[in-house]
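Asks: All chains should be modelled from the sequences, with the hints used to inform the complete structure.
Chain by chain, the residues run as shown.
There are 4 protein chains.
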Amino acid sequence: MKIDLNADLGEGCGNDALLMPLISSANIACGFHAGDPTIMRRVCAEAVRRGVVIGAQVGYRDLVGFGRRRIDADPVELANDVIYQIGALDGFARVAGDRVRYVKPHGALYNTAADDPEPAAAVASAVAAYDRGLPLLGLPGSALADAAQEAGVAFVPEAFADRAYRADGRLVPRGEPGAVIEDPYEVVARAAAFAVQHRVGALDGSTVAVEARSLCVHGDTAGAVYLAREIRRTLEDAGVTLAPFTAGS
Amino acid sequence: MKIDLNADLGEGCGNDALLMPLISSANIACGFHAGDPTIMRRVCAEAVRRGVVIGAQVGYRDLVGFGRRRIDADPVELANDVIYQIGALDGFARVAGDRVRYVKPHGALYNTAADDPEPAAAVASAVAAYDRGLPLLGLPGSALADAAQEAGVAFVPEAFADRAYRADGRLVPRGEPGAVIEDPYEVVARAAAFAVQHRVGALDGSTVAVEARSLCVHGDTAGAVYLAREIRRTLEDAGVTLAPFTAGS
Amino acid sequence: MKIDLNADLGEGCGNDALLMPLISSANIACGFHAGDPTIMRRVCAEAVRRGVVIGAQVGYRDLVGFGRRRIDADPVELANDVIYQIGALDGFARVAGDRVRYVKPHGALYNTAADDPEPAAAVASAVAAYDRGLPLLGLPGSALADAAQEAGVAFVPEAFADRAYRADGRLVPRGEPGAVIEDPYEVVARAAAFAVQHRVGALDGSTVAVEARSLCVHGDTAGAVYLAREIRRTLEDAGVTLAPFTAGS
Amino acid sequence: MKIDLNADLGEGCGNDALLMPLISSANIACGFHAGDPTIMRRVCAEAVRRGVVIGAQVGYRDLVGFGRRRIDADPVELANDVIYQIGALDGFARVAGDRVRYVKPHGALYNTAADDPEPAAAVASAVAAYDRGLPLLGLPGSALADAAQEAGVAFVPEAFADRAYRADGRLVPRGEPGAVIEDPYEVVARAAAFAVQHRVGALDGSTVAVEARSLCVHGDTAGAVYLAREIRRTLEDAGVTLAPFTAGS
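Chains as they are written, first to last, in our numbering: chain P, 1 to 249; chain S, 1001 to 1249; chain R, 2001 to 2249; chain L, 3001 to 3249.
Treat the hints with care, since some could be wrong.
[As the list claims (entries may be wrong)] Some, not all, of what chain L presents toward chain S, calculated at C-beta under 8 angstroms:
#	residue
1	3061
2	3064
3	3065
4	3071
5	3108
6	3166
7	3167
8	3168
9	3170
[Stated by the list, open to error] Here are a few chain L residues that sit away from chain P, every Cβ distance over 12 angstroms (derived from the structure):
#	residue
10	3031
11	3036
12	3037
13	3074
14	3150
15	3151
16	3208
17	3230
18	3241
[Unchecked claim] DEER-style ranges, computed between Cβ atoms:
#	chain 1	residue 1	chain 2	residue 2	range
19	L	3013	P	226	16 to 26 angstroms
20	P	208	R	2118	41 to 51 angstroms
21	P	223	L	3152	38 to 48 angstroms
22	R	2203	P	201	41 to 51 angstroms
23	P	198	S	1017	51 to 61 angstroms
24	P	175	R	2247	25 to 35 angstroms
Source of the hints: derived by calculation from the structure; they are not laboratory data.
Even for Gly, the Cβ is constructed at its ideal location relative to N, Cα and C.
Replies: Listed below in structure tokens is the structure:
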């Protein structure tokens, strides 16, 4: 049994140093929605030092909105924005002695690339143009998963231990009742369920299979560090090996 | 006899398509002082199609001021800004089937890195960290030339056919009388003097040796395209081979 | 008979000096989608010198995309962006001896505020908060017209001489066949029809009433200056007084 | 005895709500070095609610560098950047029912306008153009004080309780030994010395007269809130009235 833990880093929040030892893959912001060159360099160096895999967390060009606002970008422009961000981060990964090993969209781009085939194709085509060997990390069953396959790019499905699932395996949208799981014990238990049983309880009481090779750990609150530590400990106690998904099976 | 012709491209002006066939090295803006991802991708693709070598034209983060205003950046931040820009452009060079093959500072950064050891060292250390094999293109005898040597990075000196030189081989500063040579015939003649005789008439009437492996062609006016064409034709008529400096001797 | 001619100025294109003498109201970009403080100051000074009324052309914060990309901004943030832009331009209007006298959304914000009640309400509420006496200039029958009324702000309808209308008075969407009228003679004739007869031929051959107190003149091509001059001349020949809509009736 | 307490607010740090009740004048960031429209609106509303005077804290356009890096801006551009920022904040002050009542440069602009007559003149001329009645708040004896007088703008001198002074009344430059006073008791005592005796102990042991109508309270650390509270309490205990300098004497 093996799973990856991924978290967003380099966004200028204070938890980077605490989260880094707990995860196996770092989604590092590339300066469009958060981060700047100096943060990128420092986080890449720290990731390499810790043996954490570097991923490009690509977003809309919107520092003011933290990448949380959809921008109705032309697909060609969007693809080029993604290439720019991967290239920029790859420079710092190279300086740190490694390279970008996967790509994950952030915020509004995560959502539009999950729901809408056009931005999904833009993101996947950008990755394919940059390096067909880079996998995309995202939501199983999403438009991005389809676009990755179409573009000849590997797709790695992730799961969210703090989000409720519907019986069909989709996330309950934020804003709907019960969408976010607040109880830390339940979050930890669900993380173990994903990793060990590859399934989780759905909101309607049924059990749903979720094939995830990575768990996304949210890191923007102090409690999130505690939660990440508990998830890590619980998974290790359950005999799950925590390792980057890029390490192969 | 052999020389390189370099020009600034990808800055959003209209002469890119006319200048590209005339030059051997393109200094491509990386989005900090000018350019954007879509322009960068298009110009890289066109450079590869034309056999023009791709260089990263790195500048201060100042779109409003077109990189012409000195920013008193911390050397560490400045170095990281340079790495970011090289990496971003390298992504588009890679997509176009090539890579960034040299680095040249733009505008205010060109001047501060020529005059001041601290930003010069920041730029040179950034290039060394990214890829010690990338040469820096700049002003002979400048602080950047020294910093490149210190950092173990090759330095390629360039000359300006439209600028007056002092007897000691330095440029007459803009703003001083006679600093810019307006007469196109004289500019063309001086380009030939650099390439064939490796020297040029100084403002005081003496003759000064200038070792340049590249001529910088300014491209931001319509007249500049005409001038570049005349320089190219005159050099070819004089038996000078126009070839990228990266091609070796 | 009286009508206003409005055009977008201060966007960094070269036609400002040629258009200014031809129009009565200038929609001046406020630095979010185009323009910068120095352009804003110069254009305000020139408008005051020419007796042209200053309007704040407010847009999404997107210099790279020229405000042509919808940003899914929170309505509160959007309203605050609009207030910021009006205030900034009002400073330069004040320095020039006048003030901002109306507000017109630009590009993607023009379209979203025309179609969608939520951004329309954000724009109208921003204007009402800043100065309830400022009218909004926009598309008759739009969501913005409704939102202005709701917010207690005057709404001034404009017409487009180079756009086809449907029988119900709405514009034929760009991209549909016949949406843009290319023939300059027809454009000029339609301008006169709006001003004199308050109606125009629709795409289906019927005639449609369009109550417009201003005609929008597009200014981003050289031909547009010629067109604006012809429209002005033709309207004056037809006995139409060209005057700012803010001048009252 | 009467003095003003001013602090930087609206910079996106977390102490705004704690500092606001302690000060009499708020230097509110205008979106160039920090802040954004939504923060500006909220802080202006809160200032009005608390009876705190609104000042425009104008800076270089450098969000990444937090306005702490000198930008070698053309004086005309710099003046226009200042007008833009004052106007933008004045919009939110207006929405909140008040207006901008003074201007204070931030960070690198504070320093360059204190030391260098050219940017000082640019800032003072911008304020004079916008509204000659707005005072400038800054360092006594600075280039900005001279420029304000030249431009016909009132200048209000401020003092720093946590900075050492030389015998000639200038600040000991940061970086020199003893430049920053770390001991909170001493900081509080010096605040009282400025307010009550109009003089303070210099680094060389002498006593120096400092005419300050405002004390600058630094607010970017948690300890700073405590310090501001102690300063306020101590001044009140000493019979000093804390009131905005704009309130007249």
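Asks: With reference to the structure, classify each hint as holding or not holding.
Replies: Status of the hints after comparison with the structure:
1. 3061: holds (6 angstroms)
2. 3064: The hint holds - residue 3064 (chain L) has a Cβ within 8 angstroms of chain S, the shortest such distance being about 6 angstroms.
3. 3065: Because about 7 angstroms separates residue 3065 (chain L) from the closest Cβ in chain S, which is inside the 8 angstroms limit, the hint holds.
4. 3071: holds (5 angstroms)
5. 3108: Since chain S brings a Cβ to about 7 angstroms from residue 3108 (chain L), closer than 8 angstroms, the hint holds.
6. 3166: Violated. Min distance 24 angstroms.
7. 3167: With a minimum Cβ separation of about 29 angstroms from chain S (threshold 8 angstroms), the hint on residue 3167 (chain L) is violated.
8. 3168: violated (26 angstroms)
9. 3170: violated (21 angstroms)
10. 3031: It is violated; residue 3031 (chain L) is separated from chain P by about 9 angstroms at its closest Cβ, not greater than 12 angstroms.
11. 3036: violated (5 angstroms)
12. 3037: For residue 3037 (chain L), whose nearest Cβ neighbour in chain P is about 9 angstroms away, the distance does not exceed 12 angstroms, so it is violated.
13. 3074: holds (25 angstroms)
14. 3150: holds (37 angstroms)
15. 3151: Non-interface label stands for residue 3151 (chain L): nearest chain P Cβ at 33 angstroms, farther than 12 angstroms.
16. 3208: Given that every Cβ of chain P is farther than 12 angstroms from that of residue 3208 (chain L), nearest at about 39 angstroms, it holds.
17. 3230: Consistent with the label, residue 3230 (chain L) stays out of reach of chain P, its closest Cβ about 27 angstroms off (over 12 angstroms).
18. 3241: Nearest chain P Cβ is 39 angstroms from residue 3241 (chain L), so the label holds.
19. L:3013 with P:226: 16 to 26 angstroms: holds (25 angstroms)
20. P:208 with R:2118: 41 to 51 angstroms: Given about 34 angstroms between the Cβ atoms, the range is violated.
21. P:223 with L:3152: 38 to 48 angstroms: violated (56 angstroms)
22. R:2203 with P:201: 41 to 51 angstroms: violated (57 angstroms)
23. P:198 with S:1017: 51 to 61 angstroms: This hint holds: roughly 55 angstroms between Cβ atoms.
24. P:175 with R:2247: 25 to 35 angstroms: Hint violated: Cβ distance 48 angstroms, outside 25 to 35 angstroms.
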